[in-house]
Structures are given as C-alpha cells and as structure tokens.
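Visitor: Here are the chains, one letter per residue:
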Amino acid sequence: MIYTHNKRKGNMMNNLLTGKVCIVTGSARGIGKEIAVLFAEEGAEVVVNDAQVGSADKWIEGHPLKKHLYPYYFDITDPSAVRTNVMAVKNQFGHIDVLVNNAGIEFNELIGMISRESMEKMFDVNVFGTVEMLQTVSRVMARNENGGSIINISSMVGVRGNRGQLVYSATKGAVIALTKSAAKELASKKIRVNSIAPGITQTAMMEQADIEKLQGRINNICMGRIAQPRDIAGGCLLLASDYASYISGQVLPVDGCTIM
Amino acid sequence: MTKKEKYCGIFKEIFNVDEEALDENFNFKDVGNWDSLTHLSLITALEDEFGVMFETDDILYFGGFLNGMKILGRYGVDFSE
Chain A
41 MIYTHNKRKG NMMNNLLTGK VCIVTGSARG IGKEIAVLFA EEGAEVVVND AQVGSADKWI
101 EGHPLKKHLY PYYFDITDPS AVRTNVMAVK NQFGHIDVLV NNAGIEFNEL IGMISRESME
161 KMFDVNVFGT VEMLQTVSRV MARNENGGSI INISSMVGVR GNRGQLVYSA TKGAVIALTK
221 SAAKELASKK IRVNSIAPGI TQTAMMEQAD IEKLQGRINN ICMGRIAQPR DIAGGCLLLA
281 SDYASYISGQ VLPVDGCTIM
Chain B
47 MTKKEKYCGI FKEIFNVDEE ALDENFNFKD VGNWDSLTHL SLITALEDEF GVMFETDDIL
107 YFGGFLNGMK ILGRYGVDFS E
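As they're listed, the protein sequences go chains A and B. Residue 300, in this note's numbering, is where the first sequence stops; the numbers in between run on with no holes. Residue 127, in this note's numbering, is where the second sequence stops; the numbers in between run on with no holes.
One chain only, chain A, in its complex shape (with noise of 0.2 Å):
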C-alpha cells in the first residue's frame, strides 16, 4: 500500500477519498459521526446530515477539519426536504460521489409488546428513508463519469435475527434486501451498493446496558471485544474508496468474528 503524506490529519494517511463529496446520514453523533470525520480525514468533502437542526454544530466547530464538513439539517423521511437538499448539495459542490446511509432508530421489544406506533416510525427511518436517500442521491450520481458508491447500515441482526428484536432485525434485513436489489439496477450507471453489518458496536446507548448481559455477548466475539464506531467506519472508507471498485450487492460484516 502506497502511504503518502496527509495535509489535513498531519501523519501517514492514505488520501482514499480526496476529491470525492460524501454524504453520511445520521452524523450528529455516534457511528455516523466517526463515519464523517474519518472521511473527511481521507480527504474528503462531507455533508454531515441529521434530523436535529444543530445538533453537529457543536463538534464541527471544535474540529480541525471543519471546513470540510458541512451541516445539512433535514429529515430524510421528508421526500421533499430530501429533494431540496439533495439538490443544494449538487449545487454546492457539482457532483456526489459517496452515500451513506447511516441514520436508523431502534426500539427493543419483545414480541409480545410491539407497538404499532414504534413499528411504523423504524420502518419509516431505517427502510423507507433509506430508499428515499438512494433513489434521489443515485440519480445525481447517475450523471458522474465513474458514478459512485452507496452504503446502507444494515446490522448482523439484520442477517441472524435477535431475541426482542423483531421489528428492528426485520428493517434491517430489509436494508439488505434493497441492497441488493439496488446494486443489480445502479451497477450499468457505476454506482455500486453495499451494506456494512455491525456487530455490537460502542455508543452512548450502550453505556446504559447491563454489564453482565454486556459480558455475556463479548463472550462470543472471537476478538474478544465490541467494536468501536472507528471499525464501522473503517469499513465504510473500504466500500466508499475506488479499492472497492469491482464489488457492489455484497453485505459486509463488521463484528469482530461474533459467534451467536
């Protein structure tokens, strides 16, 4: 691997996304937010979306790439407040290279107590706001000469399914599903479509969980530990590279080899 001297981060970076404009969806913290500045260090220019109107400001000014992250507030199960933004960051910057299709809720419920409300609103986030992102940023990135690439969030619950999950594991592996189906219709235009699925990953969330149920499903990944929001995001600047050119409809698992 060529290493070459990186202006923004000041050490040994490789460069991957210089030039490219990046949107990652759900940035105003956790995964997503790793996702943005690890891009941004990569090079890039990256739109930082969240539903919050101000909730990335905060970090953004403190940060030393700041000005190659751009807030961008809206709700992406607005199809109209997608369009308008799509269309200004085309705008802004000419073209939109990467997607990533970060933002996602989640309710935990066992079977017995689902709620219709909870269902509607994961699925109104995690698939039908998924769809709307790809079907409006594909058709910007239809027009560059070496289309682009998108990647969904999906989760191993998402492949494996989980106890007190169903709703959730089932948008998830919907997410998949449209990955798939996607990478087949965009790959004529360039665009490649993957899905990273992460294990149980380190957020504030987590911080609140019981440490030993926590222990107990450590106890299963083969590395020994839960992954930080920096291996998803490591995964996601594989995917979003041009290293990843020839692979698209693939679903990558980020989960330190789990055993469930």
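Please keep in mind that the hints were generated in silico from the structure rather than gathered at the bench. Check each hint, because a few of them may be wrong.
[Unchecked claim] Restraint-style ranges between C-beta atoms, simulated for each label pair:
1. B/G122 x A/Q255: 55 to 61 Å
2. B/G122 x A/L278: 54 to 60 Å
3. B/N79 x A/R183: 17 to 23 Å
Glycine included, each C-beta is placed from N, C-alpha and C at the ideal position.
Following the hints, put chain B in place on chain A, whose structure we already have.
Guide: Same frame as chain A, but now just chain B:
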C-alpha cells in the same frame, strides 16, 4: 438564449427533431424514439439546465412537450423570461 429556447434545444438534441415538430402533439405516445432511455436523458438534461430536481410523480407523468413546461412552471421556471 431564452428559457423557452433552452427548453426546445434540449428536446431537439435528445429526440433529434426540428423545432417545428415541438407542439402539443409531441408526446410519449406519438414519438417513436421517446423510450425509457431518452426519457431519463430528457429529465436529467432539464434538471441540470433549470437547476431543479423533479418529484418522482413528475418524472412518471412528464409525458409531453407542453406538459413538461407546465411541470417546470410549478418548480418556478418562468418561460416568459
């Protein structure tokens, strides 16, 4: 160049026709080479020229030369300019 001239120019280039052909009869059903590929090329060219992004329904029902002007009018494109 007026907006109407730009609009006509896109149709002329994509469908390879003279301006005289562009009237109320120039529509999806009656134009031989208006297929899914030329339709998407038309939509993309119009979006780029006029700086708009069509709603899905407008793409589906963008079926004719005159109707297209009405649809673009809803996006704020004023053809009297």
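Visitor: Each hint: holds or not?
Guide: For each hint, the structure was consulted:
{"no.": "1", "hint": "B/G122 x A/Q255: 55 to 61 Å", "verdict": "holds (59 Å)"}
{"no.": "2", "hint": "B/G122 x A/L278: 54 to 60 Å", "verdict": "violated (41 Å)"}
{"no.": "3", "hint": "B/N79 x A/R183: 17 to 23 Å", "verdict": "holds (21 Å)"}
Checked against the numbered hints listed earlier, the structure breaks hint 2 alone; every other hint is satisfied.
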